[in-house]
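So that you can map any letter, position 247 of the sequence shown is 247 in UniProt numbering, and since no number is skipped, the others follow by simple counting.
Honestly, I wouldn't trust all of these hints.
Here are the simulated DSSO-like cross-link-like pairs (lysine-lysine), alpha carbons at most 27 angstroms apart as the crow flies [said to hold, decoys possible]:
| no. | residue 1 | residue 2 |
| --- | --- | --- |
| 1 | Lys-147 | Lys-8 |
| 2 | Lys-8 | Lys-181 |
| 3 | Lys-8 | Lys-28 |
| 4 | Lys-181 | Lys-147 |
| 5 | Lys-181 | Lys-28 |
| 6 | Lys-146 | Lys-181 |
| 7 | Lys-28 | Lys-146 |
Distance ranges between label pairs, derived from CB positions [claimed, not checked]:
| no. | residue 1 | residue 2 | range |
| --- | --- | --- | --- |
| 8 | His-252 | Arg-284 | 19 to 25 angstroms |
| 9 | Phe-225 | Leu-266 | 30 to 36 angstroms |
| 10 | Leu-266 | Tyr-144 | 20 to 26 angstroms |
| 11 | Val-249 | Ala-218 | 18 to 24 angstroms |
Don't read these hints as lab results, they were simulated from the structure. Fair warning: this is a prediction, and the values are worked out from it, not measured in the lab. Backbone N, C-alpha and C define an ideal beta-carbon position, used for all residues, glycine too.
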Amino acid sequence: MGNQLFRKVVIFGVGLIGGSFALALQRKNAVGEIIGFGRSSQTLEQARQLGIITRSGSDFETELGDADLVFLATPVGQMADIMARIESCLGPHTLVMDAGSTKGDVVEYAYRNLAAHIDRFVPAHPIAGGEQSGAAAARADLFYEKKVVLTPLPENSADAVARIRLAWQLCGARVSELTPKQHDEVFAAVSHLPHVLSFALVHNLAQRENRDLLMSFAASGFRDFTRIAASSPEMWRDICLANRDALLVELHQYMQELAALNHALLEMDGARLEEVFRIARSVRSNWTPQ
Numbered sequence: 001m002g003n004q005l006f007r008k009v010v011i012f013g014v015g016l017i018g019g020s021f022a023l024a025l026q027r028k029n030a031v032g033e034i035i036g037f038g039r040s041s042q043t044l045e046q047a048r049q050l051g052i053i054t055r056s057g058s059d060f061e062t063e064l065g066d067a068d069l070v071f072l073a074t075p076v077g078q079m080a081d082i083m084a085r086i087e088s089c090l091g092p093h094t095l096v097m098d099a100g101s102t103k104g105d106v107v108e109y110a111y112r113n114l115a116a117h118i119d120r121f122v123p124a125h126p127i128a129g130g131e132q133s134g135a136a137a138a139r140a141d142l143f144y145e146k147k148v149v150l151t152p153l154p155e156n157s158a159d160a161v162a163r164i165r166l167a168w169q170l171c172g173a174r175v176s177e178l179t180p181k182q183h184d185e186v187f188a189a190v191s192h193l194p195h196v197l198s199f200a201l202v203h204n205l206a207q208r209e210n211r212d213l214l215m216s217f218a219a220s221g222f223r224d225f226t227r228i229a230a231s232s233p234e235m236w237r238d239i240c241l242a243n244r245d246a247l248l249v250e251l252h253q254y255m256q257e258l259a260a261l262n263h264a265l266l267e268m269d270g271a272r273l274e275e276v277f278r279i280a281r282s283v284r285s286n287w288t289p290q
């Protein structure tokens, strides 16, 4: 095994996240072989040709028993089914990790479907990505200087968490830890709500009869605000439903903010509008991504 962290890694979902993880580990010579599973044989063959995976998987029994790590890099809506299907095939020392953007639901799936292996399931969320998806979008430096949040479980062994942490550090990531509940509340506010707002604005304009005219005058402000509306609809459907409770709290607070702005406009309250804009500008100007 030499200096390799993992002799064999199995990845479910060899897209942007799964593929970039594979490429990053290979760049550090931290992995022996990488086996890919996915819904499309064409995608898996593309991943093989791009050097992301060694080969596509044959069957769970053959591939999972001697795997050092199984990485679930699929949309969160697919994870419960995958966990249930792989549980009986996992080896006694196989680590399992996800990359889901929500944690409460994924942890619940794991307690239900990976009960015998729960000490070796370490939830993770890489805070990286892009509008493009699929194996062709994967790149070895995707996680460099990006945050990865681990939400370890009480049952996790220290060694399991340490190895997962090291894997992400080898990818160039800066690793943090939160509880699953903290994670979902934080990301409902700073990620999930902004995506919903971006999708909603574009959808609203798309329903109008004069949408072509409107879009023809859209410029950099519209581009910047709506960039994330080009993200995967399937993925964001799953994220919104999975983190429903926390997202509803954030939507309610945001609608209260909009109602206050609406009232200020009705009352021609320029001072109130300027105060809101000034505070927002100050916070945004002083914010530096960590």
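Right, here's what the structure says about each hint:
Between Lys-147 and Lys-8 the CA atoms are separated by roughly 25 angstroms; this keeps the pair inside 27 angstroms, and the hint holds. The suggested pairing of Lys-8 with Lys-181 is violated, with an alpha-carbon distance near 32 angstroms, which exceeds 27 angstroms. Between Lys-8 and Lys-28 the alpha-carbon distance is near 15 angstroms, which keeps this suggested pair within the 27 angstroms criterion. For a cut-off of 27 angstroms, the pair hint linking Lys-181 to Lys-147 stands: about 18 angstroms separates their Cα positions.
Restraint check: the Cα-Cα separation between Lys-181 and Lys-28 comes to about 33 angstroms, which exceeds 27 angstroms; the hinted pair is violated. A threshold of 27 angstroms between alpha carbons decides the hint, and for Lys-146 with Lys-181 the separation of about 21 angstroms falls inside it, so the pair holds. Restraint check for Lys-28 and Lys-146: the C-alpha separation of about 17 angstroms stays at or below 27 angstroms, so the hint holds. His-252 and Arg-284 have their C-beta atoms about 22 angstroms apart, which keeps the hinted 19 to 25 angstroms range intact.
Against the hinted window of 30 to 36 angstroms, the Cβ-Cβ separation of Phe-225 and Leu-266 comes to about 24 angstroms, which falls outside the hint. Taking the beta carbon of each, Leu-266 and Tyr-144 are about 48 angstroms apart, not inside 20 to 26 angstroms as hinted. Between Val-249 and Ala-218 the C-beta distance comes to about 31 angstroms, which lies outside the given range of 18 to 24 angstroms.
In summary, the structure is inconsistent with hints 2, 5, 9, 10 and 11 from the numbered list given earlier, while agreeing with the others.
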